[in-house]
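Chemist: Required output: the full structure, derived from the provided sequences and hints.
Line by line, the protein sequences give chains A and B.
Taking the working numbering, the leading residue of the first sequence gets 120, the next gets one more, and so forth.
Taking the working numbering, the leading residue of the second sequence gets 15, the next gets one more, and so forth.
Rather than coming from a laboratory, the hints here were simulated on the basis of the structure.
Do not rely on the hints blindly, as some may be mistaken.
[Claimed, not checked] Example chain A residues on the side facing chain B (calculated, C-beta under 7 Å, incomplete):
1. E141
2. F283
3. H408
Every residue, glycine too, gets a C-beta built ideally from N, C-alpha and C.
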Amino acid sequence: MSREKTQAELEAQFQAKIDAEEKIEPKDWMPEKYRLNVLRQMSQHAHSEVIGMQPEGNWITRAPTLHRKCVLLAKVQDEGGHGLYLYSAAETLGTSREEMNEALHSGRAKYASIFNYPAITWADMGAIGWLVDGAAIVNQVSLQRTSYGPYSRGMVRICKEESFHQRQGYHIMMVLMRGSDAQKQMAQDALNRFWWPSMMMFGPHDAESAHSAQSMKWKIKRQSNDELRQKFVDQSVAQAEEIGLVIPDPDLKWNEERGHYDFGEIDWEEFNQVISGNGPCNRQRLAHHVKAEEEGEWVRDAMAAYETKKRQRSAKAAA
Amino acid sequence: MSEHMKLFEVFLRSKRGLDHKHVGSLHAEDPQQALEYARDIYTRRSEGVSIWVVNSTDIVASQEDDCESFYDPQDDKPYRHATHYQLPEAVNNM
Ligand SMILES: [Fe+2]
Ligand SMILES: [Fe+2]
Numbered sequence: 120m121s122r123e124k125t126q127a128e129l130e131a132q133f134q135a136k137i138d139a140e141e142k143i144e145p146k147d148w149m150p151e152k153y154r155l156n157v158l159r160q161m162s163q164h165a166h167s168e169v170i171g172m173q174p175e176g177n178w179i180t181r182a183p184t185l186h187r188k189c190v191l192l193a194k195v196q197d198e199g200g201h202g203l204y205l206y207s208a209a210e211t212l213g214t215s216r217e218e219m220n221e222a223l224h225s226g227r228a229k230y231a232s233i234f235n236y237p238a239i240t241w242a243d244m245g246a247i248g249w250l251v252d253g254a255a256i257v258n259q260v261s262l263q264r265t266s267y268g269p270y271s272r273g274m275v276r277i278c279k280e281e282s283f284h285q286r287q288g289y290h291i292m293m294v295l296m297r298g299s300d301a302q303k304q305m306a307q308d309a310l311n312r313f314w315w316p317s318m319m320m321f322g323p324h325d326a327e328s329a330h331s332a333q334s335m336k337w338k339i340k341r342q343s344n345d346e347l348r349q350k351f352v353d354q355s356v357a358q359a360e361e362i363g364l365v366i367p368d369p370d371l372k373w374n375e376e377r378g379h380y381d382f383g384e385i386d387w388e389e390f391n392q393v394i395s396g397n398g399p400c401n402r403q404r405l406a407h408h409v410k411a412e413e414e415g416e417w418v419r420d421a422m423a424a425y426e427t428k429k430r431q432r433s434a435k436a437a438a
Numbered sequence: 015m016s017e018h019m020k021l022f023e024v025f026l027r028s029k030r031g032l033d034h035k036h037v038g039s040l041h042a043e044d045p046q047q048a049l050e051y052a053r054d055i056y057t058r059r060s061e062g063v064s065i066w067v068v069n070s071t072d073i074v075a076s077q078e079d080d081c082e083s084f085y086d087p088q089d090d091k092p093y094r095h096a097t098h099y100q101l102p103e104a105v106n107n108m
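Modeler: So, in structure tokens, the structure goes:
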């Protein structure tokens with residue numbers, strides 16, 4: 120008979136698996152802190168997908184052509200699906216949809232701060248697709264290699280679907296930049312407003328990031344916030360230049376030695392304000408989510424009632 | 015003639031990190047037995063690190079004939095694909 124393994128032995132075995140690039144699957148033993156860490160990240164990611172439907176959903180009826188309307192509708196529908204993939208991956212760690220929603224509504228669970236900015240012009244649909252989805256893709260491509268199996272597989276599925284999101288956004292910007300002066304101005308203004316919030320999507324500097332070191336050791340995160348942010352800047356500059364947009368950062372310049380662009384400092388005061396609930400739309404986004412949940416109650420009730428009735432009917436038929 | 019044992023569908027995860035894939039089915043008295051049979055039949059050459067067995071009667075399946083009416087292949091929605099958006103060559107790797 121083998122004796123029970125000690126906590127230390129289990130943890131060493133767990134870390135060895137991670138170091139060997141093996142994935143952790145739902146029924147494996149895992150440290151409680153790992154479980155909570157992955158859960159926090161997945162629920163935050165899921166909430167971001169769903170809350171992220173609001174700024175774009177707001178433009179579906181106002182898109183300038185039928186084609187743009189179809190595209191936007193398809194994109195928002197995708198984001199809802201991404202939420203579902205991530206919620207169900209999170210549920211493999213022993214939480215429920217109700218618990219996650221409750222945590223969101225009470226403010227214990229977060230979502231990406233970018234969605235607390237309003238989308239006030241049509242060009243914002245361009246900026247969001249190009250920059251916000253662009254930043255999300257940089258992050259998600261990296262997370263395809265995360266150590267938790269269900270999260271990793273969810274990311275692979277999501278990345279496949281994301282590919283058109285960024286391109287349709289960039290396409291909106293491109294078309295505006297070929298238009299009238301007013302249209303060009305509208306595109307530039309959207310970039311001006313969304314650039315810095317997009318940069319903030321990667322989170323605090325590595326040195327200040329509360330969960331980063333442990334997340335990297337457990338390979339929940341594969342690249343640091345600053346590395347991912349740099350990647351985003353490097354890819355965005357050429358994209359902006361190609362269509363004549365100017366990134367609103369006077370410190371942005373190519374650094375030959377590093378082989379990367381240098382860029383200015385993020386306004387961390389603004390970042391902190393927005394994540395602690397004081398961004399331009401925080402209350403509105405949450406209130407809308409709560410309202411949608413409440414207004415959907417009768418549908419869930421009706422479905423449950425129908426199920427009960429069906430069961431009673433088939434019981435009667437069998438009797 | 016004795017009644018045949020229940021049918022189970024067998025799914026294997028060939029490697030950590032991959033999805034379970036359907037590999038076949040077998041008859042067994044109960045789930046535990048099905049799991050053991052699946053081990054003996056489907057994993058003799060280290061084909062899997064994890065096995066799922068599911069009662070075949072618990073599987074609800076769509077029919078291929080229903081395809082069009084049940085889930086439209088959406089061939090009329092090319093804008094769901096990245097290739098639909100023509101971008102300048104310099105940024106086309108987006
Ligand atoms: Fe998404
Ligand atoms: Fe997206």
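Chemist: Quick one: which hint numbers does this structure break? Sort them smallest to largest.
Modeler: Violated hint (a single one): 3; every other hint is consistent with the structure.
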